[in-house]
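Chain order of the listed sequences is Z and L.
According to the UniProt record's numbering, the first sequence is numbered sequentially starting from 1.
According to the UniProt record's numbering, the second sequence is numbered sequentially starting from 1.
Hints were generated in silico from the structure; no laboratory data involved.
Any given hint might turn out to be false.
Said to hold, decoys possible - No more than 25 Å apart at the CA atoms, straight line, and that leaves these computed lysine-lysine pairs for BS3-like:
no.	chain 1	residue 1	chain 2	residue 2
1	L	Lys290	L	Lys488
2	L	Lys419	L	Lys511
3	L	Lys488	Z	Lys519
4	Z	Lys519	Z	Lys308
5	L	Lys419	L	Lys501
6	Z	Lys519	L	Lys290
7	L	Lys488	L	Lys501
8	L	Lys511	L	Lys501
9	L	Lys488	Z	Lys308
10	L	Lys746	L	Lys701
11	L	Lys290	Z	Lys308
12	L	Lys419	Z	Lys519
13	L	Lys419	L	Lys488
Okay, here's what each chain looks like letter by letter:
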Amino acid sequence: MSSRGMRARPALALFCGLALIAAACGGDDEESPSTDAAVETTAATEETDAAPETTAATEETDGATETTATETTDGGGGAEGIDDAIHGTGAEKFVADLTAASASPLAAEGEPIKIGFQNPEGDPNGSFPEFSLAAEATVEYINNELGGLGADIANGVPGRPIELVVCKMAITPDDSQRCANELLADGVELVFSSINFFGNHFPTYAAADLPVIVITPITVGDFTSPGVYSIGGGGGCLGVHTGLVEFATTEFGDIERLGIPWADTPPGVVCYYDLEKKPVDVLNGSVPGDAERAGSLPNLTSLGVPVKPATPDVTPLVTEILDFDPQVIIFSAQGADCWNWVDGMGRLGWTPDQVPLVLSGACIDFEAMAAAGDLAKGIYFVGAPGAVLNPIDSIEDPRDRFEAEIYQTKLIEYGLDPAELNKGFATQAATGLMSLWSYGAQIAADGGEVTGAALAEKYAASAGDHLFGSTPLSCSTAPAPYVAVCNAEVSATQWNGEALVPVRDRFSGLDLVAGTEIKPGPDA
Amino acid sequence: MSDIIFFLLAGLGLGSLYAMLGAGLVIVYRGSGVINFAQGAFAMYGVFTFDEARRNGYLRLPWFDFLPTHTVNVPVSIKLSDEGVSTPVAFVLAIAMAVLIGLMAHFLVFRPLRSAAPLGKVIGSLGVMLYLQGVAQLNFGGTGRQPEAITPDGVFQNFLGLDKAYPQGAFWAVVLAVVIGAVLWLLFQFTRFGLATRAASSNEKGAVLLGYSPQLLAALNWVIASVLATLAAIIVGPIGGSLTPIGLSALVVASLGAALIGRLTSIPITMAGGLLLGAVQSLLGFWASKDWFPTILSSGARDVVPLVAIGLVLFLRGKKLPLRGTVEEKRLPLAPYPVRIKQHMIVWSVIVIVAAFLFEDAGPRSVFALALVTSLIATILMLSSVVITGYIGQISLAQLSLAGVAAFIMARMMADGAKLTPDGAVIPFPVSGPGLPWPIAALIGILVAVIVGVIVGLPAVRIRGVQLAVVTIAFAISLQTLYFENSKATGLTAGAPANVKPASFFGIDLKSIGDRGLKDRPEFMIFVLVVLLGAIALVANLRRNGTGRRFLAVRANERAAAAAGINVSRTKLLAFGIAAGIAGIGGVMLGFNQNDVSSAGFVYQASLAYLAFAYLGGITSVNGAIVGGLLAPAGLITVTGAYFFADAEIENYTAILGGLGMIITAIQNPNGIAPTLQPLFQHFGRWLRAARGPEWAAAGKRLGPTFVVGAVLGYLVWPLRVETYSQFWMPLLGGFLALMARGIYKQARAGGHGAPPGAHGAPPVAATTSTPAPAEVG
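Between the sequences and the hints, there should be enough to build the whole structure, so can you do that?
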């Protein structure tokens, strides 16, 4: 019998895990992941394993590639319509390279470069296989078509293949450290940490000078640890929470009452008080700040109501918020909690037409949105991810359209189950690996050697760099103490029942906390 | 005032779920004497069955495909429709599934455990919970489900003139809960079945003499409880939004509060208690956001309500709470008398020290260093369970929480408010503290754990058995909510962990992380080893001295012990203090190993897992704690499995296998693994010392075929399920497993499941005599 079956059951993991499971959009597949499905997955893996035998894979790929290239041309002709100033530095070259690779795939060569991937899988308290499945499919795509790490697509010079070393962990602090130790012992050059509720793996990596890319930042360690680069869209609460306040107080006129249910978790407390309540106080002038809009809404008031993750019945909390008669409600939480909240508001007769609701990008869950029906129509989202999941025909921006096509076709080709493809976490994993490829190509173009340290330098120096399927990466401009946050720009979209319609592109609410003291709690 | 009334009413929807689950707990307890920790899991599987059939047209069966082949598989689902079945059909399927689960729980788990010690039943119900969670994850996926409501889901505007909207779903949930409660009350009050159940609950032997079958009654009660849980989740679940396997299972804690308010006997009072808990939780949630509410309580106020109810009811009415009678109740296994401790400590120390240097800087094999350290620390924690449960018979589900108290206090005592790390990195949320050196900080931490442990033990003066288990779990949750997760109390802002400075000893650096980042420092492993040896010596000597004998006397029979002049209350509190001290030592070492402490590391569910590991290993012996430590999460056995069979995807089945392991151990081998394996090792050791050429040849002839069969199976069976495997290790492992199975089989045939003599139903160990209990070697 394996002892791994008897995992400890951390409550933080329990609550956050449950909430985040739903964030993975994984819901109610037509074919739930039964054992049979697992067997199918194994079969899919077999196919994937065969992919490096490039002839067959390339033939299949070519067929799909033509379609992609054609569609891309129709949509704007490869890099046409792509503007580095709009889409981030390097966007034009990125799209051009991928277009070229689609026409003539370039397989990686040489000794593989080991990249670690630490991911919670298999534990009933929280299992997110879509992270690693999407990462593996992306790696296959990179190795088979994009020439691997350090490739020069334009000149047909291949780079080194990526060897992704996945460490599956249970939701326990001991297992988090075990994985860090195992990846370190395995000699990886850089680590991706998908989502981690403990943050106790960072000291191990830090002692080895091993850079860590955090895909979905949630703990305070994800935001503040040196040597860590949190590339998740919106940069966690730093970008998203301030962005929510910015959007709510500019999109709907001079509002006076803002309802703020907030996630009552240890990091959620500081995220609310420092990055939602404080910006409101800056805007109404009760807290001094350097923001351009400081004091511009003197009548602005807010009501914050703490919402514990996985609260079994939110009716009393919703009642409290609605009693406040808010003109706008903002809520940033993880997956399931967002839709519990929406459901709870719906049960009390609320509709998005009555009071606008603005949710964080982490709430985007296409299945949950479809299930919510009319209740979800008109809800706004502030964050970064989501565009690559939209129906391709509904996307107007050429870069978004191109990347959505790549994501929705290539990952399927390389073995990702369609059910996993539509999960938000899967898109974030693909974003992370594609950023690695992009920086590898830049290092090679500069004549450098692609190593973990060199890649980390690229991340550290990023400033408005293009990021596949997300808002631009800017690790170098991260403000203290949130030094690990690389992606604090957000965009706003609105769900129309079928797709996310862009409402506002690339903005930031960081200015609202400029020149203020950190306020981590109610009495701070 | 209208706000207060409204928010009390607003909590009744959730309260109705507590009420119905609580009623199920009462029914099961009266029917079979089990506190069913899996009641929430029953509800989860039922409502998921309903939702899956309705949404996708599948009936997912409560088991998994365990055959290691691709071609022949155990059916795990039945396709009923492409579009999903109608609501009535889905409802019937869910109820049928509830009946099946209730029957399976009774006949496969709790009937075999009918005369087990209370701890065995607790482990059995935890095993069922874990099993159902694991199967649900495989069959339904781990993501949340939002089942459609079967009750009207409109809104009552201006409800009762309170100027607020009230969801109709909550209203109907309350109405249906009251109706169901009334039906159950009538069933148990006025029918022959109810009368018989109550008779069996009061006096099972008497019920037998009257011609009733307690087991048939128990089976029917399990079915009723299971169906009730499913009904509760289907009716009330939708108002909870997205439902998850873990979230629904966790509702059992609040439901326990309701059941205890009903004294585990009264369904109407339990129903009222559940509704009351929901209402008060709702009101406290409303008040918690007010400025006047104490901020130190604002975060966990809602969660603490059921716990306060549990604590108050058990403490104030503990001795009046009825303990259900059984025809026969077995005792815990005997606590073996430790012999030759020193010799075995020396041998094992040498092995660990050799391993410490062997795994340092050993490439991929370095992972075993951390795994060994993790196991050693887990062993310390499990030794605390050996004392409190194995020696004195008190079921504590709070040992890891006590470890957390020591770790948090130590970290806080070490903290000095520094804003920079020794490396010059900025600490974004510095932790204030006196900056004491590690030995003093650790000692203070352990002392505080001892004090808290004694407080946790106070209810044990009045209650015992499963009821004590419930109160300790309430304490564990309280510690988690009010202390570990409370930044006001811990001084930890935003969930930032408190750093633990590395220990040092006469200039020797005892930090856990090496210069290359790996946790493979021999110095730290030896540090842990020394501490563990101290704890082992303490526990072994405790078993051998007068204090330990008093513990065993209390465990055997409290009245007899009191008659023999033992102060039972003081003895229990002493045991709680000692056990808490050992747990505190474990917590301190966890802090040194992990380099920081945070609330996520000491949650109450982890205490359950540690108790389960200790039970699997053998909760009455030092050896059992060692085996339990090896089995612990991220321990040596886990890491060894992951190292050799990385692609086996065992993690998808671990919850199921873990649950099954707990159930099978509780039923078949309550002594645990260590006492079962000990005779085998002893026999092997004696044989090794005596064996010469002919003996080796004879052994080869006798055991060779078994080994070869195991090796061939290991080679052939495994790759049928997974594509990659270790061609060398799998046959070897198969061979040894076959030998082990053969040995256990032989032993079982010879000595009744390999249990030490007198383990089941044997006379208790006398308190004041040195009764020759089974010896524990090492």
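*Assess, step by step, whether the Cα of Lys290(L) is no farther than 25 Å from the Cα of Lys488(L), and give holds or violated.*
With a Cα-Cα distance of about 17 Å, the restraint between Lys290(L) and Lys488(L) holds, given a limit of 25 Å.
_Check whether the Cα positions of Lys419(L) and Lys501(L) lie no farther apart than 25 Å._
Since the Cα atoms of Lys419(L) and Lys501(L) sit roughly 14 Å apart, the hinted pair holds (cutoff 25 Å).
*Within a Cα-Cα threshold of 25 Å, do Lys519(Z) and Lys290(L) meet the stated pairing?*
holds, 19 Å
*Take a quick look at whether Lys746(L) and Lys701(L) sit within 25 Å of each other, Cα to Cα.*
Holds, because 17 Å separates the two Cα atoms, which is no more than 25 Å.
*When you check the alpha-carbon spacing of Lys519(Z) and Lys308(Z), does it fall within 25 Å?*
Answer holds: Lys519(Z) to Lys308(Z) is near 20 Å, not above 25 Å.
*Assess, step by step, whether the Cα of Lys419(L) is no farther than 25 Å from the Cα of Lys511(L), and give holds or violated.*
Holds, at about 21 Å.
*Would the pair Lys488(L) and Lys308(Z) pass a check requiring their Cα atoms to be no farther apart than 25 Å?*
Since the Cα atoms of Lys488(L) and Lys308(Z) sit roughly 17 Å apart, the hinted pair holds (cutoff 25 Å).
*Below or equal to 25 Å on CA atoms is what counts here, so check Lys511(L) against Lys501(L).*
holds, 8 Å
_Restraint check for Lys488(L) with Lys501(L), where alpha carbons must lie at most 25 Å apart_ = The hint holds at about 22 Å.
*Restraint check for Lys419(L) with Lys488(L), where alpha carbons must lie at most 25 Å apart*: Holds - the C-alpha atoms of Lys488(L) and Lys419(L) are around 19 Å apart, at most 25 Å.
*Is Lys419(L) within 25 Å of Lys519(Z), Cα to Cα?*
Distance ~16 Å between Lys419(L) and Lys519(Z) Cα, so the pair holds.
*asked:* Check the hint pairing Lys290(L) with Lys308(Z) against an upper bound of 25 Å on the C-alpha distance.
replied: Holds, because 16 Å separates the two Cα atoms, which is no more than 25 Å.
Figure legend: structure checked against the earlier numbered hints; every hint is met.
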